[in-house]
Amino acid sequence: MTLHEGESEKSYVVTGLALPVALERRLEALGILEGTAITVLRKKPRGAMVISVRGARFAIGRQIAENITVIGKEAR
Amino acid sequence: MEHSLSIGFAGNPNCGKTTLFNAYTGANLKVANWPGVTVEKKEGSFKFHDALYKLVDLPGAYSLTSYTMEEQVTRQYILGEDVDVIIDVADASALERNLYLTLQLIELGKPVILALNMMDIVEKRGMEIDLHRLPEMLGIPVIPVSARRKTGLDILMHAAAHHADGESDLPLIHHHQAGSVTHQTRPHPYEVHQPHAHDLDRHQRLTMVYSRELEEKIDALKELLRVKYPEVTNLRWHAIKLLEGDREITEKYPVDAPDILDRSYEKDIINQKYDFIEEIIQEVLVNRDRKAALTDRADGLLTHRFLGLPIFLLVMALVFFLTFFVGDWLKGYFETGLELFSTGALRALEAIHVSPVAISLIVDGIIAGVGGILTFLPNIFILFLALAFLEDSGYMARVAYVMDGIMGRLGLSGRAFIPMMLGFGCTVPAIMASRTLETSRDRFRTILITPFMSCSARLPIYVLFSSIFFPRHAMLAAYSMYLLGLLVAVVSAFILHLFDRRKGGQQQASLLIELPEYKSPSARTIAIYVWEKVKDYLTKAGTTIFIASIVMWFLLHFGPGGYSDDMSRTFGSLLGQWIVPVFAPIGLGFWQIVVALIAGISAKEVVVSSCAVLFGIGNINSGAGMAALQSALAALGFGPLNAYALMTFSLLYVPCAATLAVIRRETGSWKRTLLSAGFQIGVAWVVAFIVYHIGLLLV
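If you're matching them up, the sequences are chains A and B in order.
323 is the number of the first residue of the first sequence in our numbering; add one for each residue after it.
322 is the number of the first residue of the second sequence in our numbering; add one for each residue after it.
If you're looking for bench data, these hints aren't it; they were derived computationally from the structure.
Incorrect hints may appear among the rest.
Okay, the calculated bits of chain B under chain A, using three or more residues with CB under 8 Å as the criterion [to be verified]:
#1 378–391
#2 728–739
#3 941–954
Backbone N, C-alpha and C define an ideal beta-carbon position, used for all residues, glycine too.
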């Protein structure tokens, strides 16, 4: 599944990123890598969401969330 | 006194770096741009134990790649000769993310001190940081500070002074030492931090050691670099950058080693750094999973999916209410002061028998023009105070999230709304802020629409004309300008978006922004921010408006026949009358107004100061001054509808010469600068035309 399909207040683990290189490196510099745990804090109907990664909060747009694949934390 | 030590302040955005910097330097800042780029450079001095230190506030950055200009500026400065020691400011409540920059700074090879800021938040969350183990693992001094409460400042400076020679007296106690157990506790995809038997001694001195594969490549590259570029001092850092495929370093120091550089190892390097960071966090951070309740509760309301937008509009309405209401209340004192000064100056000049022409220049030209503008200072002060509060509290980033949906429909990310918000203060820094946007297409579109946001320089025009012509609804008339500006910006963005889509524009950029912890804003940070803006305003009054007032006075008192008391035979009038036909269809067919608007391209306040000079009104913002202007305008047949058309045109046409200069610098193209100026004048004319003609139908 993609992060975009994630639900509020649930945690996921990143399994892959499929974005332009510069953006992908930027996300990685922020600590969003394969294997990183992400908690979705809240979501808007149109798709921007607030996530918590490594103790920091980020707002990310739909296009980014759709290109991050994750699995549920429990599923792992 | 010579600076004995030069200290660079580096850190993530929102880590409290600027607050800490301000705590040392106060308002004694030299603000300029970094050579060659429009990224703000702040420099200050700090006296410590009879020595003068130079402090430099580096741009906030999450990493030191060459992908963004801020990061390039930071690393180039640190690599340069001019920095002796780096203070890395970290938000202790987000230590994990902040340590990534720390590791990169350490790799750069200059002495680094880690200043752990916001320890109070860490404690409030019930977390603890092991301040013994952290410096052991990093090999650099770690000093807990509170920028807001000003604790730990002396200790930090002391550490910087003593650590500047780079001779660390701290033992680096390695996790990858033989016998260490920490790395074996978790399974790992990479072969990281295994004891390196063959070069263990050398790696003892390094904080960050990569996998054996990478270390072997680094060693080989170091050797190649050493032979080919003997001038390179930090071989290890350059070797790592080559492995990352860093654009700048690869171009500057190409090495021919296809077997070593068989691919980009950037991802591996990032991953291994974060692996190390995770180890650090596991060892030094206790109780890491406790929640930050307050920020989450506040966000529950402020970023609510339905309430977020109405709350934002309410906040902005409150800002403008304060600007007008409190500003007007303070304004009275300024007017009395100006009145006294103006009459006093007139009497004094008459008493010493200065020629009437010179008296007219000083009293009707300079004092009327510059002084008239100074009386608006209270409104400007309150506006910037409110904006500083919004920025420093952490709310601005939430606005980007709240507006993302609407901005998405305009083909922009929510982040583009931040420059627009800043545009309520001043267009120049707002346009500079657009550089935080990811793509150049987004940047240019934001630069095109940001000038429509009503900046503080337009405030005097609204205050003056709405108080004269709409006495009962002055605040409403002025507020409508802000909404109209926002509306025009949004509609323009939408049209540009449709235009781009027809041309088959690429995928739009997506929002990516950190939402910092809310904090009660620091009084000092706000005071310095507001003082800088007030200073800018006063400087502008003393320079641009001063000169514009003198030029206006000459244009309006001299004609082809020399000095003339009859203004209609002066150069100003002749110029105005020549252009009047263009402005007649929008209700502004008065040569005086045309002259004021043209002069207003130098700075928007000049529209008001020019009116003061044009109609010879001494204290234009006072009750008597307004009455005089009203009767002068009424004699021309200029009524409320003309005033509203004037406000509309002033809102939308070219903001000022400084804006044009910054657009030129940011876009790097005269063609685009002229395009944007033409666009603004065109839009201003069309909207004023519509407003005027709708008005004519209604009246």
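Checked hints:
no., hint, verdict
1, 378–391, "holds (count 4)"
2, 728–739, "holds (count 3)"
3, 941–954, "violated (count 0)"
In summary, the structure is inconsistent with hint 3 from the numbered list given earlier, while agreeing with all the others.
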